[in-house]
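Quick mapping for you: the protein sequence lines, in order, are chains A and B.
Sequential numbering of the first sequence, starting at 1, is according to the numbering used here.
Sequential numbering of the second sequence, starting at 1, is according to the numbering used here.
These aren't lab readings, by the way, just hints derived from the structure by calculation.
Because the structure is a prediction, the values reported are computed rather than measured.
Hints are supplied without guarantee of correctness; some may be wrong.
Chain copies aren't distinguished; within one or between two, either way the pair holds.
Claimed, not checked - Derived EDC-like pairs: lysine to aspartate or glutamate, alpha-carbon spacing no greater than 16 Å straight-line: (1) Lys352 - Glu16; (2) Lys162 - Glu95; (3) Lys301 - Asp174.
Number of protein chains: 2
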Amino acid sequence: MHSIKNTRFLNVLNNEPVDRTPLWIMRQAGRYLPEYLETRKRAGDFMTLAGTPELACEVTLQPIKRFNLDAAILFSDILTVPDAMGLGLYFEAGEGPRFKHPVRTPKDIENLATPDPETELRYVMDAVRLIRRELNDSVPLIGFSGSPWTVATYMVEGSGSKDYHHTKRLMYADESALHSLLSKITTTTIAYLRAQADAGAQALMVFDTWGGILTPRTYQLFSLGYMQQIVDAIRESHSSIPITLFTKNGGMWLPAIARTGCHAVGVDWTLDLRDARALTQDTVALQGNLDPGVLYGTHAKIREEVQRVLESYGAGHRHIFNLGHGIHQFVDPENVQYMIETVHELSPAFHK
Amino acid sequence: MHSIKNTRFLNVLNNEPVDRTPLWIMRQAGRYLPEYLETRKRAGDFMTLAGTPELACEVTLQPIKRFNLDAAILFSDILTVPDAMGLGLYFEAGEGPRFKHPVRTPKDIENLATPDPETELRYVMDAVRLIRRELNDSVPLIGFSGSPWTVATYMVEGSGSKDYHHTKRLMYADESALHSLLSKITTTTIAYLRAQADAGAQALMVFDTWGGILTPRTYQLFSLGYMQQIVDAIRESHSSIPITLFTKNGGMWLPAIARTGCHAVGVDWTLDLRDARALTQDTVALQGNLDPGVLYGTHAKIREEVQRVLESYGAGHRHIFNLGHGIHQFVDPENVQYMIETVHELSPAFHK
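For reference, chain A alone in the conformation it holds in the complex (with noise of 0.2 Å):
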């Protein structure tokens, strides 16, 4: 693995030191910038983009290209999952994803397929080896999913939701029906995310969305516990492989978050680092959590938050810059490169 040239990534999740904070972004490939705009035209929607590996990897290697990041994630979505397991994802102009067959009965989740991830997301994994071969091991490639969780809301909701109203009846009027979905696709995951480290790629990241709308008590009942199984069996199989976990608005449950044997956390803007690393207690990396709307900024604005969240997680290795969540569509990429070039500069001082 370390061919790669820039291990600075890597070195954190693996717990060495590094010369400075390495940084990636949320969702770098994306509408904020005109190149993908470009090539997302030129695809024609969505799912033709992200279904063909040589568009994928052309805008998976667009912000690398354009700005000095120290990791590139595969440009996916994390509902090509449900969309194998026989959903039909599809995108409305100017709404969120939705599914032509939402799963709602113990019947549908009975006769849900457990796709084999080779053959059904084949174009998922040709996009990773793609990357890889054209990254040259320049940067690592991060794959990822979303959470068990996550992924469920979508499929039950058909959609993204307001109150998520399907997925909670399911879950207080037919608990043992929601689990069996969360099984069925935490078994795909696992096999989703383990192909794709054979695929190539390097270090994997579940995102869990929507894990902070549920309690203490379910939280742990309905997401962190598909994680763990996430984890234990990426570690199982993959033990060289980092694997770092985000559940949004879920700051209150850090330490739990850590204590999966996950590498890597991921902290949105509603906490101070300062506070996320004395709940995890140097025992993981911390991932964040600049306010995504600080791109928004002037220079001096954007220069003045980047200084705050490195004193935020204080003199340290276990740091990798992020935004809190991704990077909203009307930021200016010349802001980007700017809040790339401050880390680049403030940063090394906490590595002394």
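Guided by the hints, dock chain B onto chain A, whose structure is given.
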């Protein structure tokens, strides 16, 4: 004030003992009630409903007539304030609230009116007076407003938002313009809440629905700081009117919220009341925090979760039972009835 027959709710706010845990439900006058839908249909649109004192009174009383609740809450909307400030509130079918004239520039902010509530929001005060007469001192009436921050997000975005990018842009690119806006909203909100108290509201609540999208520092600066001004002003002018603050997703900030001098703090379902109580040390009453999704559950599950909330708070008289957020529109009123009966049955054990 204690001519009121059911004093449980006010007792808890005033730190006096009660025989059982008082209970009301956020958005208790709402779409889950067939009688509400009927009145709403008769009104034609939401603004006519909220803007006609007789209709607002009618729907405010509907849940009081149907259930055995310990408080009524004025039927209105947090966006009546910016509507009176000249933004032109309207509702599109199936969409959330929108403004005809969003506020984006320093000039927009400068031009904002600060209305006199007794004239420009007279329909609200008339509703309060009518409701008090109709309630006939059976249960106390809660008046409310949005937090300045939450109201500002709608005023700047012009509608609900996913990433609040206009507001964040203002925050990080023109902080002083945002402070001007928040000051104007705060001035208006203080006058509005005082007018509600003068018209007969016996308790006040400030809903900070979107404080949870801020960082710890910007929450203090842009949300809590302005709620502090409201608490100070109401305590000064209306020292006998208890005031409750509720920041959704503000669990980690409970100690700071409690320190404002408010009488109660609303708690969403993402943390245990046990932890909320430890964080606030019985300096305030706690209001919450059943997951609204529980009301989709079986009776057995509702009972289990009600017991869990009561046990989580534990013995003591400073708990107001409520949901952790507004009741969902697809809930069966029969399940609400069962939840209420269960609180009546199980809570006296915590007040021995």
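Check: Is the C-alpha distance from Lys301 to Asp174 at most 16 Å within one copy, between copies, in both cases, or in neither?
Finding: Answer is between; shortest inter-copy Cα gap is 10 Å, intra-copy 49 Å.
Item checked: Identical-chain pair category, Lys352 with Glu16, by Cα at 16 Å -> For Lys352 and Glu16, the Cα distance is within 16 Å only inside one copy (13 Å; across copies 57 Å).
Check: What label fits Lys162 with Glu95 when the C-alpha limit is 16 Å: within, between, both, or neither?
Finding: both (14 Å within a copy, 12 Å between copies)
This entry satisfies every hint, going by the numbered hints stated previously.
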